[in-house]
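Asks: Below are the chains, spelled out letter by letter.
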Amino acid sequence: MLKFLIRRLVQAAATVLCVLTIAFFLGRASGKPGALLLTDGATAEQIDQLNETLGFNRPLLAQYVDFALGVFRGDFGSSYRNPSIPAIELVAERLPATVSLALTSFVIGVVLALAAALSIHVFRSRKLRALFIWGGSLRQSVPDFFFGVLAVLVFSVVLGALPSLGFTGPASYVLPVMTIATGQFVLYVRLLDSALTEQSSQDYVRTAYARGKSHGAVVATEMLPNALLPVMTMAGLNLAGLLGGAVIVEQVFAWPGVGEVLINAVSQRDFAIVQAGLLVVALMFVVVNIVVDVLYSVLDPRVRLS
Amino acid sequence: MKLRYTGTLALLALVGGLLTGCMPATTSGSAKDSQATIALPAEPSNTDPIMTRSIAAWNMYYAMYDGLTRITADGKVVPGLATDWKHNADLSEWEFTIRPGVKFHNGEELKPSDIVYTYSTILGSEKSTNRPAVAMVKSVTAEADNVVKFTLKNPFSAWLNQVATIGIVPQDVYTKEGDNFVNAPVGTGPFKFSAWQRGVSYSLERNGDYWGDKPALDKVTFSFVGAEDARVSGVESGTLNAGAIPPNQVPVLKNSTQATVISSPSNGSVFLGMNSKAAGLEDVRVRQAISLAIDRDEIIKGLMGGLATPNGQLVAKGVTGFVENFPVPTTDIERAKKLLSEAGYTGEPITLEYATVGGFPMSAEIAQAVEGYLSKAGITIKLVGTEQASLSLKMANHKITGLYLNMWTPSSMDGDVVVNQILAGGPEDYAKDPAMAKLYLEQQAAPENQRSDVFKKIWELNRDQAYTVPLFTPSNSYAASPNLAWTPSVDGIYRATGVAFK
Numbered sequence: 001m002l003k004f005l006i007r008r009l010v011q012a013a014a015t016v017l018c019v020l021t022i023a024f025f026l027g028r029a030s031g032k033p034g035a036l037l038l039t040d041g042a043t044a045e046q047i048d049q050l051n052e053t054l055g056f057n058r059p060l061l062a063q064y065v066d067f068a069l070g071v072f073r074g075d076f077g078s079s080y081r082n083p084s085i086p087a088i089e090l091v092a093e094r095l096p097a098t099v100s101l102a103l104t105s106f107v108i109g110v111v112l113a114l115a116a117a118l119s120i121h122v123f124r125s126r127k128l129r130a131l132f133i134w135g136g137s138l139r140q141s142v143p144d145f146f147f148g149v150l151a152v153l154v155f156s157v158v159l160g161a162l163p164s165l166g167f168t169g170p171a172s173y174v175l176p177v178m179t180i181a182t183g184q185f186v187l188y189v190r191l192l193d194s195a196l197t198e199q200s201s202q203d204y205v206r207t208a209y210a211r212g213k214s215h216g217a218v219v220a221t222e223m224l225p226n227a228l229l230p231v232m233t234m235a236g237l238n239l240a241g242l243l244g245g246a247v248i249v250e251q252v253f254a255w256p257g258v259g260e261v262l263i264n265a266v267s268q269r270d271f272a273i274v275q276a277g278l279l280v281v282a283l284m285f286v287v288v289n290i291v292v293d294v295l296y297s298v299l300d301p302r303v304r305l306s
Numbered sequence: 307m308k309l310r311y312t313g314t315l316a317l318l319a320l321v322g323g324l325l326t327g328c329m330p331a332t333t334s335g336s337a338k339d340s341q342a343t344i345a346l347p348a349e350p351s352n353t354d355p356i357m358t359r360s361i362a363a364w365n366m367y368y369a370m371y372d373g374l375t376r377i378t379a380d381g382k383v384v385p386g387l388a389t390d391w392k393h394n395a396d397l398s399e400w401e402f403t404i405r406p407g408v409k410f411h412n413g414e415e416l417k418p419s420d421i422v423y424t425y426s427t428i429l430g431s432e433k434s435t436n437r438p439a440v441a442m443v444k445s446v447t448a449e450a451d452n453v454v455k456f457t458l459k460n461p462f463s464a465w466l467n468q469v470a471t472i473g474i475v476p477q478d479v480y481t482k483e484g485d486n487f488v489n490a491p492v493g494t495g496p497f498k499f500s501a502w503q504r505g506v507s508y509s510l511e512r513n514g515d516y517w518g519d520k521p522a523l524d525k526v527t528f529s530f531v532g533a534e535d536a537r538v539s540g541v542e543s544g545t546l547n548a549g550a551i552p553p554n555q556v557p558v559l560k561n562s563t564q565a566t567v568i569s570s571p572s573n574g575s576v577f578l579g580m581n582s583k584a585a586g587l588e589d590v591r592v593r594q595a596i597s598l599a600i601d602r603d604e605i606i607k608g609l610m611g612g613l614a615t616p617n618g619q620l621v622a623k624g625v626t627g628f629v630e631n632f633p634v635p636t637t638d639i640e641r642a643k644k645l646l647s648e649a650g651y652t653g654e655p656i657t658l659e660y661a662t663v664g665g666f667p668m669s670a671e672i673a674q675a676v677e678g679y680l681s682k683a684g685i686t687i688k689l690v691g692t693e694q695a696s697l698s699l700k701m702a703n704h705k706i707t708g709l710y711l712n713m714w715t716p717s718s719m720d721g722d723v724v725v726n727q728i729l730a731g732g733p734e735d736y737a738k739d740p741a742m743a744k745l746y747l748e749q750q751a752a753p754e755n756q757r758s759d760v761f762k763k764i765w766e767l768n769r770d771q772a773y774t775v776p777l778f779t780p781s782n783s784y785a786a787s788p789n790l791a792w793t794p795s796v797d798g799i800y801r802a803t804g805v806a807f808k
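Chains as they are written, first to last, in the numbering used here: chain H, 1 to 306; chain A, 307 to 808.
Derived by calculation from the structure, the hints in this document are not laboratory data. Ideal placement from N, C-alpha and C gives every residue a C-beta, glycine not left out. Some hints could be false.
[As the list claims (entries may be wrong)] Covered stretches of chain H, going by a simulated chain A footprint (3 or more residues, C-beta under 8 Å): (1) 86 to 98; (2) 145 to 154; (3) 161 to 173; (4) 268 to 279.
[Unchecked claim] Facing chain H, a subset of chain A residues (Cβ under 7 Å, in silico): (5) G505; (6) V506; (7) Q727.
Could you put together the complete structure from these sequences and hints?
Replies: This is the structure:
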């Protein structure tokens with residue numbers, strides 16, 4: 001286990017470094033940002049001078065070496081637009097909004113899907129299956145940005161029950177969480193349902209019935225743990241994606257998350273913030289992946305981490 | 307729209323009901339009479355008035371700081387921290403008499419040395435994006451009798467507009483705080499800094515000791531809301547009291563009882579710029595044909611919902627340099643075709659670059675309409691859409707290869723910067739016409755009452771040579787709470803002092 005973790009951590013570091021390197025060169029390839037800062041009628045010389053002062057006229061490799069050395073010291077630089085705060089801090093202060101939204105939506109989506117899939121199999125009901133799969137698919141076929149706008153229309157504008165935007169308290173979570181959770185619901189229902197169906201014809205299930213276990217108990221305690229495995233990979237990827245910032249949902253609800261800060265930084269060519277933001281996104285993926293692998297080995301003794 | 311998606315809505319209500327059952331509903335942001343929440347489409351990265359010059363930040367600057375002059379909501383230049391001013395004959399020396407008894411938010415009195423300090427710090431700071439705006443200052447000194455004197459490197463008729471955009475900071479506080487000044491800023495303006503919750507909002511509270519017009523409200527909060535839909539529904543649901551909306555959202559709100567629409571003329575000018583040295587465009591007849599082929603009225607009616615005025619000059623009404631009754635270019639497709647055939651144009655493709663995201667409202671739709679008109683005249687257009695930052699970088703770096711669609715909104719409310727940038731030596735000037743350069747200098751040295759005549763010659767030369775093709779001036783439209791008593795400013799920058807409730 002320890003060996004596994006060490007190996008994965010080394011891999012993770014390499015992945016993150018790759019991401020940062022690509023981000024660095026892609027950003028620089030899009031041009032020097034001095035001109036974007038001087039919006040009203042600066043001369044070419046003034047633009048060039050600002051680029052010089054900010055260090056964007058130096059050879060690319062020299063800039064990269066400085067950047068890479070900084071990364072190894074844990075210094076990701078600061079925004080050239082606001083040097084008073086380190087870039088990583090600007091991103092980190094968005095994490096509570098992003099993480100709380102991602103985790104709440106994820107947990108609610110998964111729990112609802114679990115409840116739905118279990119009820120389908122406990123009651124052996126085709127009608128329930130049709131309801132959840134069809135209903136969920138219908139929801140999924142509406143893009144999140146449109147669903148979010150509709151939800152705001154109904155609950156904020158017409159009913160006046162919930163805030164339409166912002167990050168002000170528990171009530172402001174409802175609409176964005178609803179948007180994300182219901183959007184992912186059917187994905188988990190489908191995976192769980194087909195996994196449970198597959199399990200139901202396995203020998204160990206017949207044995208369980210033979211031991212006199214009730215149908216509900218067989219589904220919940222025998223089939224479900226086995227059915228969870230295939231869902232975990234997909235759920236992990238989804239969770240990591242959400243933790244990296246649900247850009248569209250954040251924009252619809254003016255949610256101050258990581259995705260929002262990243263998009264703004266890209267459009268302003270604020271390289272330090274883009275790099276810090278991508279670092280966080282990459283870390284999220286890497287960490288969630290490791291957690292999923294460890295969970296696999298816990299849930300399924302056949303999986304050995306080596 | 308609501309009716310068409312009843313099925314989805316029913317499902318939504320079902321799921322929503324399940325979720326909301328366990329959460330307390332709050333009525334957030336219902337407008338109390340002493341405070342207002344206003345949506346800004348973008349958050350400024352920095353709000354340091356020395357270091358950062360940006361349209362987003364001016365919303366804060368005009369609330370928290372004063373310049374020597376002020377630009378009012380209707381675009382007029384009026385006394386600010388200076389009560390009076392005079393200049394020498396060739397407009398290169400300006401003396402401002404400083405208003406006595408003005409206090410900074412920390413209680414200290416404003417001194418002429420604070421003004422000298424503010425300008426000297428900008429001039430001495432290589433990273434300040436205000437620096438190019440005051441680069442013409444040779445020296446700034448505090449004189450006897452509360453006078454501050456600027457000596458400029460060249461005559462500059464627009465200096466009064468320029469000083470309005472520079473907020474004055476207290477020397478002792480700024481020297482002590484430096485980069486951290488943004489976190490506890492101090493100015494002389496009608497509002498004091500209250501809090502900046504990054505990514506969310508910027509709050510201001512009334513400065514009870516303000517020397518000028520007192521704010522109507524105790525508190526004004528700028529809320530950062532990037533998505534247009536979110537601004538509309540934010541106002542309708544009462545979370546916001548006002549927010550800018552694009553023209554295509556105006557009809558949607560026409561019948562709303564929860565929001566009103568306020569539209570008013572802007573200081574913006576939408577135009578087709580071009581590299582007039584590029585293949586195809588180097589022939590003046592082709593350039594003129596482009597202007598003749600475009601039906602401005604139809605674009606305004608069809609795409610802008612009538613919320614724009616056709617224009618034949620590069621600045622809007624209200625901006626210094628706007629010439630009353632200057633003719634709007636005509637549409638004449640036959641003449642356009644004739645000019646094209648005279649020029650020997652045979653369908654070589656010309657690129658038209660425009661912003662798909664981050665640009666001015668409707669820019670992508672307008673670019674497509676322009677492409678339609680031009681192809682009707684026989685011009686082959688290759689549309690190239692990018693995000694605004696990429697387009698801005700290309701414009702600023704002199705890298706345009708054909709046509710481009712853009713809008714200029716001079717926050718100083720003076721045409722000087724527009725002419726310089728696009729026609730006279732700036733990064734978007736491809737023609738490098740010596741006659742234009744001469745007119746530009748003439749305009750800079752012209753006394754106030756003669757500038758209009760020179761601008762007229764500039765717009766005429768631009769029309770005859772078609773170096774750029776002015777299209778129209780759009781209105782700014784806002785969704786606002788029905789009980790909000792507020793008139794938008796011509797420059798699109800909020801004046802927090804003027805926000806009140808009926």
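Asks: All the hints need checking, so say for each whether the structure fits it.
Replies: Now for the hints, and whether the structure bears them out:
1. 86 to 98: holds (count 4)
2. 145 to 154: Our answer is that it holds, as 7 residues pass the Cβ test (under 8 Å) against chain A, meeting three.
3. 161 to 173: It holds, with 13 qualifying residues against the three required.
4. 268 to 279: Coverage by chain A holds here, the residue count being 3 at a Cβ distance below 8 Å.
5. G505: Check passed: Cβ of G505 (chain A) comes within 3 Å of chain H, closer than 7 Å.
6. V506: Holds, because the Cβ-Cβ distance from V506 (chain A) to chain H comes to roughly 5 Å (cut-off 7 Å).
7. Q727: holds (4 Å)
Of the numbered hints given earlier, the model fails none.
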